[in-house]
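**Q** Below are the chains, spelled out letter by letter.
2 protein chains.
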Amino acid sequence: MSIQNQQTKLNIGLFGFGVVGEGLYKVLAHTPTLNAQIRKVCIKHADKKRNAPATLFTTDANELLSDESINVIIELIDDADAAYRIVTAALAGKKAVVSANKKLIANHIEELIALQQLHDVPFLYEAACCASIPVIRNLEEYYDNDLLQSISGIVNGSTNYILTKVFEEQKTFDQALLQAQQEGFAESDPSLDVNGIDAVNKLGILLTHAYGIIANPSEIVHTGIQNLHADDASFAKEKGYEIKLVAQAHKLQDGKVAAFVLPQFVKNSQLCTVKNEYNGVVIESSLADKQFFYGKGAGGYPTASAVLSDLSALRYNYRYEYKKLLYQTPSELSNDFYLKVTISFKGLFHVQHERFDKIYEWSSNENRCHITGVLHFSELLNDDWWKQHGVSIILSPEGIIDGYVPEKVSEEVEFVEAVA
Amino acid sequence: MSIQNQQTKLNIGLFGFGVVGEGLYKVLAHTPTLNAQIRKVCIKHADKKRNAPATLFTTDANELLSDESINVIIELIDDADAAYRIVTAALAGKKAVVSANKKLIANHIEELIALQQLHDVPFLYEAACCASIPVIRNLEEYYDNDLLQSISGIVNGSTNYILTKVFEEQKTFDQALLQAQQEGFAESDPSLDVNGIDAVNKLGILLTHAYGIIANPSEIVHTGIQNLHADDASFAKEKGYEIKLVAQAHKLQDGKVAAFVLPQFVKNSQLCTVKNEYNGVVIESSLADKQFFYGKGAGGYPTASAVLSDLSALRYNYRYEYKKLLYQTPSELSNDFYLKVTISFKGLFHVQHERFDKIYEWSSNENRCHITGVLHFSELLNDDWWKQHGVSIILSPEGIIDGYVPEKVSEEVEFVEAVA
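These protein sequence lines map, in sequence, to chains Y and W.
For what it's worth, this note's numbering labels the leading residue of the first sequence as 1, then goes sequentially.
For what it's worth, this note's numbering labels the leading residue of the second sequence as 421, then goes sequentially.
Chain Y with its partners taken away, still in its complex shape (with noise of 0.2 Å):
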């Protein structure tokens, strides 16, 4: 065994000194057998009080990234922008770095794969998807290509914590919300949980170490849960299910993964278990059923345990070899599937049910109308008119009908307009 008893020792420059990265200063400095010592720390406004001693903040990068010896960077800051110019910065500067922004990597990532093989050096993110579940790890190392199946999961906890609420508490949307707010789990600006921009952001990197697939996030189907209407919730719980804002892939028969982040109707799914800010993930790999990963998706503690798991990494050289991507023959996402989904409109909004290749089912009251029918995936794809004008869709339990024969819906079905 080719044994490195001398355990890499990190010098840290850490951008952000917020929950997650004082939690890290606490304790790396109380935990000295990790070998990770914060040098440096660079924050933006010099005058806040913080628990550490006044030497160790400055509000120039530049000290951080042109320190030597620093060898370590690690990135813990909103702006996703100056993450950006920092992270790529200490790429290029032979520095390794760790991060936990999703929106940075997943817009980035061909360019932040590149930097990483040109100057030889780590850029770990496990806190980027999913915070304490260690899913970034077990995509690249232990599930291959081609024998997984498929991932879905509830990797955004704001919007789990509200429909949790709405779910278990009876809140409408706009209490529950606000019920997240107040407790944190939600941005003071939550579009980008509630509109599945952050969820789509995850799916994003997980794509790549899964499938090897590089997709833009803005390039996949995705929304939130920004149109889900009581009525919605109610139809929901009708038929015994519950709704979940779930990001998926799946493999279909031709070797090719769809992928989607969309509200779906669970039943006796593991996923049905994630309840609050709680995050889970179910792959499915061939002859391995089904595997369930579970743990805390957001905030300060699980996000700054992902970045100590990290940190650990490097302390043994660990670095993502991308292996589905440069090793093996990545994935292409596919456009040409089925899904199963419900749409549910207010009456005065006409949703075609011409776009429908067969409809199982439609109701309507004085609120809503709903539609349950089978979808070709490219209706989603070509325009918006499912998530305009207050239009809802939700996936069914079955999802993605893969083999799917398609049948032209008779003119004969009887289509009822709007009630209201």
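No lab work stands behind these hints, which were simulated from the structure alone.
As the structure is a computational prediction, the values presented were derived from the model and not from experiment.
Ideal Cβ positions, reconstructed from N, Cα and C, are used throughout, including at glycine.
One or more hints might be untrue.
Chain W regions said to be covered by chain Y (calculated; three or more residues, Cβ under 8 Å) [stated by the list, open to error]:
no.	segment
1	703-710
2	715-722
Below 30 Å or equal to it, Euclidean Cα-Cα: the simulated DSBU-like pairs (lysine-lysine) are [what the hints assert, rightly or not]:
no.	chain 1	residue 1	chain 2	residue 2
3	W	Lys743	Y	Lys94
4	W	Lys659	Y	Lys267
5	W	Lys807	W	Lys760
6	Y	Lys290	W	Lys591
7	W	Lys657	Y	Lys275
Given chain Y, put chain W in place with the hints provided.
**A** Just chain W, lined up with the frame of chain Y:
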């Protein structure tokens, strides 16, 4: 990035062609991208009909072990002694080895680590713990010793199947065991499962990868569900508990580790969601709170899936580094802590109440007496009164009471003896 675009091509010698072996053979034959080929299979019974070309088979172990073209040995046989000879010979011959044999590994882990070091070859055995759940790999790679608070797992599918049938379908323990055997979830001699031997073997392996502890399973306090009584199930149900057989290890305040396999009352725990033959492991780490890993823990396919993941890891030259043992200061097992337990026994047998440091509650009926109280762990170490004569022990949901300040059991406690 130091890219090894060349994956190691795996030429496999396979021992055993049962469900797992045959499953593996099929998957590898149909998935050439895995870059792994079974060259020869050593079987015990030459005349059995096999779904593979006859030229693939031999009954001579040396044909595999001395074949220079074979660089990986997969050992999937029942007999732990024969497995020991195969695995040690293969490692000595500088072949990488994959095994699912928890008994072999748990009982010889120190020697098997030394052989890996001496001959500079990897030995992987993810399938030996919780089959398809990548718990060994995550403990080894993701959770620092210093930050790992605890592991609690349902690691034996057969006993969990039995407990599920008792609690959900009101079966008796005997009926449930019979059903487990009929459905193939228990061995024809189920005592290894039922008595907790299988679970403690797995706990031994987990202790090495979690905390760097080498412990012979026979020295770890353990029991199974063999003495659980219908009245214990009723007792649990009255309190809203289920009973699970839990293998667990907890870091104590003094830095040592408490470890044991005991039945436990559970409520409001992720472990409650683990039903039938499934396994689940809760890992608690500083900052990250609890994480939960869940999947099929037994059966041919989940085992084959874990073996496949090990093969995939070998292609990229992965090996366990035994970081907690070799690079860090390993933890030690503790015998100095208190447990809150319920002891259940038949009236005629006397359980000495002096063993308890504190008694919270006792009850008795014509079948069973139940005492709930606090025991020092040494009471379970020094003799096995707690599993003799039909006595059963069930850990309370709190389990370990770390930092418990002993009281003497008041002499005035009125102790109810035999009621029978």
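**Q** Hint by hint, note whether the structure agrees.
**A** Okay, the hints, checked on the actual structure:
With 6 residues carrying a beta carbon less than 8 Å from a beta carbon of chain Y, the segment 703-710 of chain W meets the three-residue requirement, and the given coverage holds. A stretch counts as covered by a chain when three or more of its residues have a beta carbon under 8 Å from one of that chain; for the segment 715-722 of chain W and chain Y the count is 4, and the coverage holds. Annotation: proposed proximity of Lys743 of chain W to Lys94 of chain Y holds, straight-line Cα distance about 26 Å (limit 30 Å). Only pairs whose Cα atoms come within 30 Å are accepted, and Lys659 of chain W paired with Lys267 of chain Y is accepted, the gap being roughly 28 Å.
Between the alpha carbons of Lys807 of chain W and Lys760 of chain W the distance comes to roughly 16 Å, so the proposed pair stays at or under 30 Å and holds. Annotation: proposed proximity of Lys290 of chain Y to Lys591 of chain W holds, straight-line Cα distance about 27 Å (limit 30 Å). Note on Lys657 of chain W and Lys275 of chain Y: the hinted pairing holds, with a Cα-Cα distance of about 25 Å set against a maximum of 30 Å.
Taken one by one, the earlier hints all hold for this structure without exception.
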